[in-house]
Every structure is written in C-alpha cells, then in structure tokens.
Amino acid sequence: MSRIEEDRNGHAPDWEGVRLHVVSGKGGTGKTTAAAALALGLAAEGRRTLLIEVEGRQGIAQLFEQEALPYEERRIAAAPGGGEVFALAIDPELALLDYLEMFYKLGRAGKALKKLGAIDFATTIAPGLRDVLLTGKACEAVRRKDKSGRRIYDAVVMDAPPTGRITRFLNVNTEVAGLARFGPIHNQAQAVMRVLRSPETAVHLVTLLEEMPVQETVDGFTELRAAGLPVGGVVVNMVRPGILDDSAVRAVENGSRQAVAKALSGAGLGGASRGAAAERLVTPLLEQAREHAERLVLERQERAELAELGLPTYELELLGEGVDLGGLYRLAGALRDQGMA
Amino acid sequence: MTDSLGVSALDIDPLLDDEQTRIVVCCGSGGVGKTTTAAALGVRAAERGRKVVVLTIDPARRLAQSMGLSELDNTPRRVDGIGDEAGGELHAMMLDMKRTFDEIVLTHADRDRARMILENPFYQSLSAGFAGTQEYMAMEKLGQLRARGEWDLIVVDTPPSRSALDFLDAPQRMSSFLDGRFIKVLMAPAKVGGRGAMKFLNVGMSMMTGALNKVLGAHVLQDVQTFVAAMDTMFGGFRERADKTYRLLQAPGTAFLVVAAPEKDALREAAYFVERLADERMPLAGLVLNRVHGSGAPQLTAERALAAAEALEEAAGVAVDTSTIAPSRAVDPDPENQETGGIKDRPRGKAGGRAHGAARSASSPEASAPLTAPEISPESLRDEQSPESNSSPNGSQNTPHRNSSSAHNPGAHGPESPDLIAAGLLRLHAERMQVVARERRTRDRFFSVHPEVPVVEVAALPGDVHDLDGLRAIGEKLAAG
Numbered sequence: 001m002s003r004i005e006e007d008r009n010g011h012a013p014d015w016e017g018v019r020l021h022v023v024s025g026k027g028g029t030g031k032t033t034a035a036a037a038l039a040l041g042l043a044a045e046g047r048r049t050l051l052i053e054v055e056g057r058q059g060i061a062q063l064f065e066q067e068a069l070p071y072e073e074r075r076i077a078a079a080p081g082g083g084e085v086f087a088l089a090i091d092p093e094l095a096l097l098d099y100l101e102m103f104y105k106l107g108r109a110g111k112a113l114k115k116l117g118a119i120d121f122a123t124t125i126a127p128g129l130r131d132v133l134l135t136g137k138a139c140e141a142v143r144r145k146d147k148s149g150r151r152i153y154d155a156v157v158m159d160a161p162p163t164g165r166i167t168r169f170l171n172v173n174t175e176v177a178g179l180a181r182f183g184p185i186h187n188q189a190q191a192v193m194r195v196l197r198s199p200e201t202a203v204h205l206v207t208l209l210e211e212m213p214v215q216e217t218v219d220g221f222t223e224l225r226a227a228g229l230p231v232g233g234v235v236v237n238m239v240r241p242g243i244l245d246d247s248a249v250r251a252v253e254n255g256s257r258q259a260v261a262k263a264l265s266g267a268g269l270g271g272a273s274r275g276a277a278a279e280r281l282v283t284p285l286l287e288q289a290r291e292h293a294e295r296l297v298l299e300r301q302e303r304a305e306l307a308e309l310g311l312p313t314y315e316l317e318l319l320g321e322g323v324d325l326g327g328l329y330r331l332a333g334a335l336r337d338q339g340m341a
Numbered sequence: 001m002t003d004s005l006g007v008s009a010l011d012i013d014p015l016l017d018d019e020q021t022r023i024v025v026c027c028g029s030g031g032v033g034k035t036t037t038a039a040a041l042g043v044r045a046a047e048r049g050r051k052v053v054v055l056t057i058d059p060a061r062r063l064a065q066s067m068g069l070s071e072l073d074n075t076p077r078r079v080d081g082i083g084d085e086a087g088g089e090l091h092a093m094m095l096d097m098k099r100t101f102d103e104i105v106l107t108h109a110d111r112d113r114a115r116m117i118l119e120n121p122f123y124q125s126l127s128a129g130f131a132g133t134q135e136y137m138a139m140e141k142l143g144q145l146r147a148r149g150e151w152d153l154i155v156v157d158t159p160p161s162r163s164a165l166d167f168l169d170a171p172q173r174m175s176s177f178l179d180g181r182f183i184k185v186l187m188a189p190a191k192v193g194g195r196g197a198m199k200f201l202n203v204g205m206s207m208m209t210g211a212l213n214k215v216l217g218a219h220v221l222q223d224v225q226t227f228v229a230a231m232d233t234m235f236g237g238f239r240e241r242a243d244k245t246y247r248l249l250q251a252p253g254t255a256f257l258v259v260a261a262p263e264k265d266a267l268r269e270a271a272y273f274v275e276r277l278a279d280e281r282m283p284l285a286g287l288v289l290n291r292v293h294g295s296g297a298p299q300l301t302a303e304r305a306l307a308a309a310e311a312l313e314e315a316a317g318v319a320v321d322t323s324t325i326a327p328s329r330a331v332d333p334d335p336e337n338q339e340t341g342g343i344k345d346r347p348r349g350k351a352g353g354r355a356h357g358a359a360r361s362a363s364s365p366e367a368s369a370p371l372t373a374p375e376i377s378p379e380s381l382r383d384e385q386s387p388e389s390n391s392s393p394n395g396s397q398n399t400p401h402r403n404s405s406s407a408h409n410p411g412a413h414g415p416e417s418p419d420l421i422a423a424g425l426l427r428l429h430a431e432r433m434q435v436v437a438r439e440r441r442t443r444d445r446f447f448s449v450h451p452e453v454p455v456v457e458v459a460a461l462p463g464d465v466h467d468l469d470g471l472r473a474i475g476e477k478l479a480a481g
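These protein sequence lines are chains G and B, in that order. Counting from 1, position 15 in the first sequence corresponds to residue 15 in our numbering; the numbering is continuous, with no gaps. Counting from 1, position 347 in the second sequence corresponds to residue 347 in our numbering; the numbering is continuous, with no gaps.
The reader is advised that the hints may include incorrect statements.
Claimed, not checked - Now the stretches of chain G that chain B is said to cover, found in silico as 3 or more residues with beta-carbon under 8 Å: (1) 39-47; (2) 206-213; (3) 234-247; (4) 311-325.
Said to hold, decoys possible - Over the 12 Å line for every Cβ pair with chain B, so calculated as not near, a few chain G residues: (5) A78; (6) S273; (7) R274.
Keep in mind that the hints were calculated from the coordinates and are not lab data. Ideal Cβ positions, reconstructed from N, Cα and C, are used throughout, including at glycine.
With these hints in hand, go ahead and build the complete structure from the sequences.
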C-alpha cells in the first residue's frame, strides 16, 4: 500500500488517495506559493513529491531561491522528517520531442522538424495539443513506478494555469477532439482524461478574501464541476488576523477617545493631553482600525460565499515580510496541521 | 515630487488632457488592478472633456456593470452617468476574441470561403484558444477602433497573460505563424510546382508530414492545409495589420502605463515591461503603483508599537483570559505557539471538510474572532440597513462603512477596554508599518534600477470598486499622486 496511507503519526490528511494535486487560482492570489507549500507538506515524513510548473515562468525556482529549472526532474528541497521535493518545469516543445522520440524513434527527423518550426507550430498553435503534452507529462509522473512496482512519487503537485483557463486546460479531451479525432494524440488525450477525472486527481483553487478572486473561484468551481473534473479544496491565501472590529472603533469614537489616549500614554508613547504625542496617535491609529474593520466585514461576506461551495477550506496566513524559504516551510506546516497535506 | 532615489511624479491629468494623446495602453501582470485603472482613466478623461472609448478585456462582472456593460457584444456602448459639462463622452466595450476573429474572416473573405474557414475545426480551435489569440484580437480591435476615428482617446486594457510580455509578442507570433516558413512549406506543393530546390525540400517535407501524420492523425494536417489554403488570401492582410498596429503603438500619440502593485512579482514583471518597451521604442508614460499602503502615524515604529501593545495587554491581564487571547496570538509569527489558551487553532471555514470535517469544525468562528464586545453577533455586524454615520477621511466613500445598530454598546468591555483597544490599535499599526516597510523596499528595488520611470502611487482601498463614483475616486487618486 502507499506510504501516504500508513502514516506513522496518525496524521490523516484529507486527500488520501489523491496523487495528482492541480493547484489553480486567479492571478495574484499566490497559487505558486500554495502549490509549493502543498508539495512540501505532502513530502513530510519521508515521502517524495514532484512539483510541476507548466507556464514557463520559473516561479518555482524563484520561490526556492534557485537557478532557473531545466526540463528535468531535480530535487529542490528537503521536507521535514526526511522527505524530498522534486521539481520540473515542463517545456512543451521538449515534451513533444520526448514524446515523438519515445513512440516513434524519430532521431534526426525530429531535429529537422524542430528546425523547420514544426514543433513550435504543433505546440503553440494547436492549444489542445500543448495542454495534452503538459497534463500528459504530469499523469506519466503520477503513474511512474520503480522496479519493485512502487510509485516513484507519492504525490504530484501541478502549479497550473489560472482559474479562468483551468477547465479548458484540463479538459484536453474535448479540446483535442476537434483536432485529432483519432490517432496516438487522441489516445493520449483519452488516457490523460481518465486520470484527470479519477479520484486520484483533485483540483484545488487558491483565493484571497477579496471579491474578484472569490468570484473567479466560484466560477471556476462551477465550470470544473460541469466538465466532470474533480474539485478539491479551497486555499484562502494571505489571511490577515482580525484584531479590532467595528464595535471597538465605535467605542473610541463615542467617548473613550481620551481613555485610549491615556492608555497609549501609559504605555510610554508620550503625553495624553490634547496635542501631545500619544494623543496625536489616536486619530491616525483609529483610521487604520476603521479600514481594518471595514475589511473584516467584506472578508466575512467573501467567506460566506466560499462556504456555500461546501468544499474543504484551508487558510494560509499573510507573511508580513513576504514569502521566503522559511515562510514556505511554515505555510507547508500550516497545510499539514489543517489536514490538506 | 521627488524622493531619495530621484523618482519623479507621473502627472495623469496633463497626459489625459493632451489632445496629442490618442491611445493609452494599461499593461502589467494579472491581479494588479489593470482593468480598474483603465476604467478610472476613461471616466476621468471623459469628464475632463475627451471623447473616450475604453476597451476592456476580461472585466470583473461588477466592474463591467459599473460602466453599464451587461453584455459581451464586442461593440462600444455609451456609458450613462458621465458628467458632460466639459463636453466629453465615455464609451466602453468588452472584447470577444472569437467574434473579433470571425469578423475579420467575414470582412476579408468572400462568403463561401468565409464559411469554409469558420467551419474548419482548426480555425475553431485557433480562434477560441490559441495562447495568443486574445492578445492578437485586442490589438486588432484597437486598430479597428482607431480606424473608425469616432473617439479622440482610446484606453486599452491588456489581457491577463501569464506574462505581461505576451501582449507585445502575440501579434508578431501569430502573424509569423500564419505566413511562416512551416506553413509556406506546407503549402508549397500546391504553389510552386516542381522547381529543384523546392522539390528537394518537399522530399524531406513529406517525410516530416508523414511523421506528424503518424502522431496527430492524418486528417489534422489536412485540416491545417485546408484552413491555410482558405486563409491564403488573407495572410498579407494579417501581417500588414499586425505591423500597422505595432507602428501605431510606437507612435507619439500612444502612452503606455505600466500598472503594478508593490509586490515582488508584479514589480519584476513591470521591470521587464519597462525594458521591453524601451527595446521596442514604445513610449512609456510611467508606472501606476496600485494598492500602496501608508500610515498617518509614521513616527511610531512597528517595534515600539508592538512593545507598547504587549505592555498594555500584560497590564490588562490578557494572558490568563482566553476570551481575549486572539489579538496577541494573531500576530504571533510562530504557529507553534498558537496552542496557548487551549483553543485548538483550526482556521475558520473548515466546516465543509470531508473525512474529518466534523471534528475540525468544532472550533467556532468566534475562537479566532477579533476583539469585540461579546454581545455583538456577526449578524448585527452584517446589518446594512443602518445609516452611515462616519465618513472616511481618505476618500473611500465608495464603500460605505456598515455600522451596526448596536452602537449603543461601546463600554461592553468594562474598565479594561480602553487599554485593550489601545493595544489592538497598536498591533494594527505595527502590522501596517511592516507592510509599509516591505512595500517601500520592493518599490525602491525597482526604482534603483529604473529611476527614470515617473510614478503615481494609488492608496489601497479596503474593498472593490462597483460604481462610477468608485472609479471617479480612483481617478482622483491617480491625478493627485
């Protein structure tokens, strides 16, 4: 049986049995960060995961503070408890050449095709073909086994295209159907689709507690469901803690202003009388609190909207100093604590 | 306005007012407020007397509604509610890329040929999904709008590409594909009979098409050949128009605004874009830096604020009181320490959890809820009936504060309340100052490399923009810098 299921610490993740985690989200929501944290979290306790990038942005390399990744699987991080994370940046052209080589032994003809622009043509112009190659590579990694029949990777995590394009990207079967109605690419698409539609796959959506990303998450959810693709969880990223709300702000406005000035003064921030240092802080601090409280109200609405999806939801805190390698491990730990990994 | 790095301010109004400015292109990576910026510029320019059309690519529903765009019908519509005292008008449209492509085919091919093209599966795939089609069609539409000559200012939003650069590359890429070498070779047998060199090439070619046929299935190349044959007469047109739009973008009447947020990735994209525009000799007007945070009390550092907050909380005995543990835990950078107080720290929203959902949702939202008077329920906070009683001094009037009707409960915390409120205010301030510092570092990194780029900073808004007033407010921030 798989190593995931026999976890020694009684740690039982929500996505047992899922081997392909597809991570999507609106641009700017931090899906690469979430995908990397998930790959790290899933690799904990001696497991091995593969983190795949498909859009040629080298976001993974930047996140792990490494040189640009070549088109090969290489180890990029050690996970807590002895696990390891491998990474792969898929280049569609090279993937097609690989594929041709594997099945047709093209040799020099393959190089000639590339020179002529045929490979570029095939991968960039026929969008379905490009996507089949990318998803196909991920599915191949999911199924790959070593000599003893054991899977090479316990889980594969894909940093996928944004929510607006994800259904189209994954729905390769339909996309390719018009182009390749039969033949090997058609068969490949069918095989990929079987994996993507199976319980071995989960498509997670990363969002922020803001209107547009939440709206896109809801739309993405609907589209994925309609296409028969397995929706996984929602990752709410960059969550900021609630500190003060409306009622506290109003309390200050309605009379306790002087008392707050005294409290600030008592904490060593200057005088509390009108115009003194501590008193002068009240107005700007209160303004910040007002914005904060307003944001909490909006966030509550967005949370309610997400809750209606009925999906497992995980939250990642906003890292005040930006995401560095240390922060990434912390986020991975948070996903483990919450049962996503 | 200049600062230590010698960065100059970007003056939006002179740019919008200048009759020589005919096209403003808003570009930048996804999620930085490009579309909103484009719309706000459109509103402002129109109310200052220009006859403007805004071309949006993929606006959020409510932003589209704010400009009265309820349908994606690929034609500019006049936006109601724009002040016309200065004699301006605002029109807006959303791009429908497939429709734009179809229109090109219908305009440039006779009926039978057009039908052949439109029905070709290869065309259908290309028009709906080619990685650069949206970018190409946006440029095509821009060319069309310009050619109509009905507007004296066109504001263009660019597609949410995976990289900001796609938008410059796509037209070239698409046109070079459509009359590229591979297609030429594909078509060669039909066009060039039996001349020696071509004949030789064709031998190699048939071997390769043989290989491609094996992989794709024979009909695919046939479909491509049919498509290419049908499109043949239009090729010249494609390249010609792509070149024309490209030159239009280089012309002095065009101004590029690079839009970014003060975040590493967004500014990295912005830097690439600035460099790329220079390479292409395209006129950069400046950088719009959205969602910038500031503070009214910059003299109080994060460190001092945190220390003071801790002192106040200690004095109020917070450490032993679980009901008020949230604020001190909230900014604790180490999640390991969050078990203090005995609250199992499961984040909210886990209620839908599958296998373990029930157990995990045991922690109620209140467990990590913000410091608040206990008797105020979340419902009362959501109450939108109550009149707004306070106005926000920094111009966010477009998102009115929703005051709950329970305002008569201010003293609910008892005598320690002012201390805890003060502590909360200080923690918020510390958080804000950290954000300000981080944003400043990110911004400075950009400007130390590109000090020549004028910038306008737009303060972060707590919520999204939903109406013309919101767009006006952003326009004012853009103009005020």
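Status of each hint after checking the structure:
no.	hint	in the structure
1	39-47	violated (count 0)
2	206-213	holds (count 4)
3	234-247	holds (count 11)
4	311-325	holds (count 9)
5	A78	19 Å, holds
6	S273	16 Å, holds
7	R274	16 Å, holds
Hint 1 from the list above is the single one not met by this structure.
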